[in-house]
Amino acid sequence: MINHRSPISGVACLDDRYVATAGYDSQLILWDARTQTAVARARHDHLANHCTFSPDGRFLLSGSSDHTVRLWSVPDLGLLAVMRHSDDIERVAFSPRGDRFATASRDYAIRVFDLTGQRVHLLEGHAADAVFVEFSPDGRELWSTSDDADIRRWDVETGELLQQVSFGDVQLDTIAMGPEGVLYAGNDAGEILILKDGQVRTHQAHALGIKCLAYSGRESRLASTGYDGFLRTFRTAPDGSLTLEAETRPPREVWLRTCALDSRDRVIVGTFGSSYATFDIGSRRWDLSRVGDTPGLNAVGVHAGAIMAIGDAGVLYRDGVAVRRIDSLCNFLLSFQGQLLTGGQTGTLFDALTGQVLFEQPSPINCAVEVQRGGESLVVMGTYSGDAWLLARAEGRMVLRERLSVFRAAIKGLAVHGGTLFATCADRTVAHISLSTLEVSRTANAHERITNGAAALPDGRFASVGRDLMLRVWRQGQPSVFPTPHGRSVRCVASCPQTMLLATAAYDGTVALFDAARGEWLKTERLTDFGISTVSRGSRPGQFLASAYDGCVYEVSRDAAPRRVFRASVDPFPTQALAA
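Each residue of the sequence shown is one higher than the one before, counting from 1 in full-length UniProt numbering.
None of these hints come from the bench; they were simulated from the model. Please read all numbers here as calculations on a predicted model, not as lab measurements. Hints should not be assumed to be uniformly reliable.
As the list claims (entries may be wrong) - Okay, the calculated beta carbon distance ranges per label pair:
| id | residue 1 | residue 2 | range |
| --- | --- | --- | --- |
| 1 | 441 | 523 | 45 to 53 Å |
| 2 | 400 | 354 | 47 to 55 Å |
| 3 | 127 | 155 | 17 to 25 Å |
| 4 | 155 | 118 | 14 to 22 Å |
| 5 | 304 | 137 | 57 to 65 Å |
| 6 | 289 | 263 | 19 to 27 Å |
| 7 | 460 | 526 | 28 to 36 Å |
| 8 | 305 | 200 | 40 to 48 Å |
Using N, Cα and C, we set each Cβ at its ideal position, and we do this for glycine too.
Generate coordinates for the entire structure from the input sequences, incorporating the hints supplied.
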């Protein structure tokens, strides 16, 4: 049976004939849009991030973290061409005539190709990762966005930069071409920027950052998804003005990273499950009847002598046995005063062992750590909105002590030593935070690419890793830089206090051990073809545990060969159609 085994990161529609999905399991799947049954499947060598159909429906284009863009025939998904880049491809787009296509890559560049796969233009100038690209309706111009908070407009024939619009430090993740002469852009402040005739108007569409915009000229409709957990659709006027049509908070299986509008008044949305979800705008109903759980794991740790793991389906495992299902995708596990805390996409903090809701806030949670402040044990949660929530236990729940605005983008990692909290951010910033005063000292451009995990060493130093494949070890705000042996973005880092070892793990399935006392790499192990999601210290000195998107937990140690500890086995739990 063809389905996804990891989250769906990209969706595309071809009228009411086909839906295509791109997944973190490296798969590209073509579905019959009427029956939602798989027609064909193809694979990348790494995470498939996005896909789109040619206007005539003959081709499907996909971009991947294997640094390639691939052109496929429809409906058999026969491989026609491979275009190699120097970093991950986040977005691909066909021109309205279908004779050219463009790519946005994390190597900062935009590229334009013809249908033979020959590069026509290399468009350079963005100062950070290029994340989105879109053709104008007449195909003569190309618009792009980047983590540098700029929108750029290019001439497709000459490659000339025609316009550059800067929005300061408010990043733009997504754009969509609207009615003639209108460009919509979604930013991290939850605003839809309406650009027309050199003027910019603002429409507050979400309470938190906007992740995806999709436009359909046939219905004069714009769909938007946000980190506030809402999907909204708007009717568009010729001048670009927006009127709210429908809004919904999707079921927990839905991943609002990506969406598309089909020809039957539906929004097609990616999920954390085995297939895509649909939202019928007229009836305001969700259909997840063909979405089953996937086994991917996002967190692992030791609690009460047992190895605990949790992931996309919110299923908690104890030594490989499923013991609890949480009503959310979960990103972390934290032992705290006898409880095992978890949380993730819904912004809710749970007791993982009982499923009890302990605290709720609006933004997804990436990570958490225990700290001591004023003689009290607190939990610090790091969120997608860049806020750190300091919580204390009271009468069986968690109560808010402080809410600290640390970054303008997502907190990717937290670590603590003594009176200092260390945080890493998706915008390449790191922060040292005094727990006594809550004063935040930020270091901008701490990494050259997205900064990911954080760890604390027993001598007071902190470690950070990122997409630039570097390990940075921080002492008093100054880093020592060590190139890692990884070949793809370094996802996470953990420390062993007894041995001064650090373990780093990456999206290429590798884990590496670093002797922080000597400043030397000791070993690198390839555990899986899938990415490693989390690495944590094990129960013995020099031992680490790694969870992976393949649903496995692995053990890596200084003195022994790596081994698989267990593989998650999740029975499908299909969800029936739900009211909005």
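Structure-based check of all given hints:
1. 441 x 523: 45 to 53 Å: 34 Å, violated
2. 400 x 354: 47 to 55 Å: For residue 354 against residue 400, whose Cβ atoms are near 21 Å apart, the range 47 to 55 Å is violated.
3. 127 x 155: 17 to 25 Å: Holds, since residue 127 and residue 155 (Cβ atoms, about 20 Å apart) stay within the stated range.
4. 155 x 118: 14 to 22 Å: 19 Å, holds
5. 304 x 137: 57 to 65 Å: Check passed, 60 Å falls within 57 to 65 Å.
6. 289 x 263: 19 to 27 Å: 21 Å, holds
7. 460 x 526: 28 to 36 Å: The hint (28 to 36 Å, Cβ to Cβ) holds, given that residue 460 and residue 526 are roughly 32 Å apart.
8. 305 x 200: 40 to 48 Å: 58 Å, violated
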